[in-house]
Amino acid sequence: MVSPNSPTNPEGAASAPGTPRSIQDVVIRLAGNSQDGIQSIGGFLARLAGRSDQDVMTYMTIPSTISGGPSIFQVRMGTGDILSAGDRADMLVAFYQHSYEAHIGSLRPGGVLLYDSDHVTPAEGDNRFTYVACPITAGTVEAVGGTSKDKGKNIFVLGLIARVFDLDVAKLATLIKERFGGKDESIVRNSMLAFDAGYAWPQSNLRDLFYRFEAVDRAVSASGRPQVTMDGNMAIAYGLITGGVRHGAAYPITPWTSVMETLRVELPKYGGIFVQCEDEIASISTAIGFSYTGQLAMTGSSGPGISLKMEALGWATMAEMPLIVVNVQRGGPSTGLPTNVEQSDLMQAIYGSHGDTPRVVLAPKNVEDCFYIALEATRIARAYSTPVLILSDQGLSSRIEVFEEPDLAKLMVDPKPDRSERGADFKPYPLDRITRHAPPGSKILSGKYPTVSGLEHDELGHPSGSPKVHQQMTIKRREKLKQLAATLPAPELNGDSSGEVLLVTWGSSWGPGREALGRVRKAGVKAGHLHLRHIHPLPNDLEQVFARYHKIVVAELNDEGLYGYGQFAMMLRARYANPAISSVCKTDGLTFKVSEIVAGIAKHIESTELDATIGVMRKSALATS
Amino acid sequence: MSATALATPPLAPGAPLSKKVLVADHPTWCPGCGDFAVLASFYRVLEKLNYPHEKIVTFAGIGCSSRFPYFVNTHGGHFIHGRALPFAAGISLGGDDLHVFVFGGDGDGFSIGGNHLVHTARKNVNLTYVIMDNSVYGLTKKQTSPTSPIGFKSKTDPWGAMDQPINPMRTLLNSGATFVARSHATQVNHMTDMMLRAAKHPGFSVVEILSECVEFFEGAFDAANPRKGGRWTLIEEKKNDGSPEDANRHDVTDEVSAFKLAQQAWPGSFGVFYENNVRQTKNALEAGLIAKTRERTKNASDLAVLQATFAKMR
Ligand SMILES: Cc1ncc(C[n+]2csc(CCOP(=O)(O)OP(=O)(O)O)c2C)c(N)n1
Ligand code: SF4
Ligand SMILES: [Mg+2]
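Which chain is which? The protein sequence lines are A and B, in order.
According to numbering that gives the first Met the number 0, numbering within the first sequence proceeds without interruption in unit steps and concludes at 624.
According to numbering that gives the first Met the number 0, numbering within the second sequence proceeds without interruption in unit steps and concludes at 313.
The set of hints was computed from the structure by calculation and includes no laboratory data.
Treat each hint with caution, since some may be false.
Straight-line distance between alpha carbons at most 30 Å, and here's what the computed DSSO-like set of lysine-lysine pairs gives [as the list claims (entries may be wrong)]:
(1) K148(A) with K176(A)
(2) K475(A) with K415(A)
(3) K176(A) with K199(B)
(4) K415(A) with K154(B)
(5) K54(B) with K426(A)
(6) K47(B) with K199(B)
(7) K442(A) with K281(B)
(8) K525(A) with K592(A)
(9) K268(A) with K297(B)
What follows is a list of derived Cβ distance ranges for each label pair [as the list claims (entries may be wrong)]:
(10) G68(A) with L302(B): 21 to 31 Å
(11) S465(A) with A264(B): 44 to 54 Å
(12) G422(A) with H25(B): 20 to 30 Å
Ideal Cβ positions, reconstructed from N, Cα and C, are used throughout, including at glycine.
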């Protein structure tokens, strides 16, 4: 990452005051109170990124935990692919003394502290940073005037940021008008007043803090499709809609809730229904009832709500009913850390519920992938008549990213329940084929109507206590997922295709994992990064990939447990019996910092006989990178 | 393949539904179980309703009574304990042309499924729910149920049940069920009539049928069985014929009178306690929401709606 004040930035070092220095990306942390509209600054910047042809900015958020209380928003913008939120901030905007005190530690030495001089007095004598004092409150009041007091401080700051980073003012103005248009006209006017005041704040006060994002040669995408901006929960909702999901049921819980809010509002437009149920058990039950009518349905939740769904999920495996279950993971167990991220529901997703309950588990790697994973989940659920779990997480749920609009015309699935007449030989549970249910409304020519059941059953769905039938049906339910595994594409592998270490990630740890790979290789270590989106079943032939590295380090956001391995590492060790597999785990409720993964890898490399070959120089480079 | 080539053609086109095509697996209930009579009545109900065979759905939770769907040859199934109602709500809302019947026991409906009962009733989902109340847990062999009377000796209360049982009629009325009736498995004609009216009711209709478990609670409902020396009290419904005796008859649309009937001492009255044909079903409300929404989008195709939504996120 090249940061604004980075001394290694050659252009920056040479440029005269007032001339923009070229940068690749920047991390800005905004800290204030939630009523200050800090999140909406991020919203504007994201959408601006989506509409910029050259300067593509991607960013991430960290949501507030207490409503009405302190709130922060971290945005990383730049050109090229931005994969993680950034470990430390290059610029901190502090609205209050408490914001300054709580977040100054996240500003990297040499970074810029921009603070509201009406509220903040920085510590004297701390000369690690560049200080810019700006009367944000007074400036806003002065610009907007009237009764609005300091409302609009966020837009004032947006104007400041636009000036410092040479952002496209015309596009931002359009976005402000779009956002506030339709409301009282004075709101648009006041916002523009605040924006202009921030933008025009005396240049001399900003000293030489002017930057411009490097223009990268981005070949205009061949598709010519525009960029869209949304968070992970929205991407899941729209992925499901694209995949033909028209029915769902759920109960609210953070951070899952916004998926259901979106679907409740959106589905009627498509002739569908989303039901808010009395609890999570009713929700999954209603969703399976919908699916039973031949229309693939979804439910979802987080933490405790997922636990409540487990019995009914077992029914869906037993009755072989297609179903989508979204788990937006948060810190657990129990009520745990409701607004923090964790990847600790993996074992539950694969094995939760009683009995042998084979089912599919997928995990999106970023916001865009939330869309495509949801879409893939609908395809798999139908094709294999099985429940599919999507393991997203709190980090993805609240993070806004910019990505190329999917080719909706090509991807859109038109769902029609198949109520065609079924032949006399129809069986709901044939042993030699994948189950294809006949939903109610379909005539059965034999005159024998099928029962779907949570009791073990024979091919016709009749209850059976026969040990032989149970064994055969258990195999049937398992084998279809092995068939699925054989169709899965090889997972994404970056870096060296063989070497000292293979970093393995799943879910939202993809971004920091990719950045970590870059640093590790820069330090001279031959390394690869394997990322898995298909968690269960795993794609075939991974053992051949693992065999090409001395060490395999699995980074995941859960506890290393009693035996020293995270949940996915445990799975992989059991599956491949490969003693080279080890873990980098953490449970601080935050997404991985790149440096944490790098340090974790360094530790594992140190602990092997590779010590001698890596050499002291490279090892120390790794440790400090 | 043509239907005529089959060994046992199900139903000649246009022929009415008959018990012959409706029977399925032989019931696994104990000889003498009250549930047999409920099943026999239900065949008659289906014959009378004569719905298209493929559009009838019977579903259930878990319990002796919940085995019901295996014995009726229709689309159907057997869900988990206590959760058949939300499942059936999915069927009803997902397939508005289907005729959905749910069967279950007192434990399934009033204990583990109690909260679902309240909310399915409150939402007035269009389906018919038949509770076969034997005041005991039959399948798990004689534990106290939420309708077991105080003093009933079960394996979990060998000295006699101590907790106040729930009053099913009051619970159903209170939850907002729009059709509430009560019957007795020894009264086949009455039971048939109640289930028939429930099926025809638009909305959430419930019939509680006292159905004896001869194995674990013999004689539980003798107090309402004249052949066992009990008293069978029918609710006389208002006819609105202006006659003087009509003044004392029960107005099924009057919730307060229904509550009064529900307060009667054991064994109480049988018949329709309450019927509300005014409140809209959840099915109709959701259909209305869809219609209104689509009016706003001018009936745009799914793809056009989705593309417009994405355009706003650029
Ligand atoms: C979650 C769960 N808990 C407990 C059981 C065990 N169980 C099965 S049926 C039943 C009670 C059945 O009583 P009721 O609903 O009155 O039906 P009946 O057998 O009397 O007809 C119980 C406790 C179960 N199947 N699932
Ligand atoms: S145990 Fe009771 S309820 Fe169950 S089948 Fe036997 S008699 Fe009927
Ligand atoms: Mg019972």
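Status of the hints after comparison with the structure:
| no. | hint | in the structure |
| --- | --- | --- |
| 1 | K148(A) with K176(A) | holds (21 Å) |
| 2 | K475(A) with K415(A) | holds (26 Å) |
| 3 | K176(A) with K199(B) | violated (55 Å) |
| 4 | K415(A) with K154(B) | violated (50 Å) |
| 5 | K54(B) with K426(A) | holds (18 Å) |
| 6 | K47(B) with K199(B) | holds (11 Å) |
| 7 | K442(A) with K281(B) | holds (27 Å) |
| 8 | K525(A) with K592(A) | holds (21 Å) |
| 9 | K268(A) with K297(B) | holds (10 Å) |
| 10 | G68(A) with L302(B): 21 to 31 Å | violated (43 Å) |
| 11 | S465(A) with A264(B): 44 to 54 Å | holds (49 Å) |
| 12 | G422(A) with H25(B): 20 to 30 Å | holds (26 Å) |
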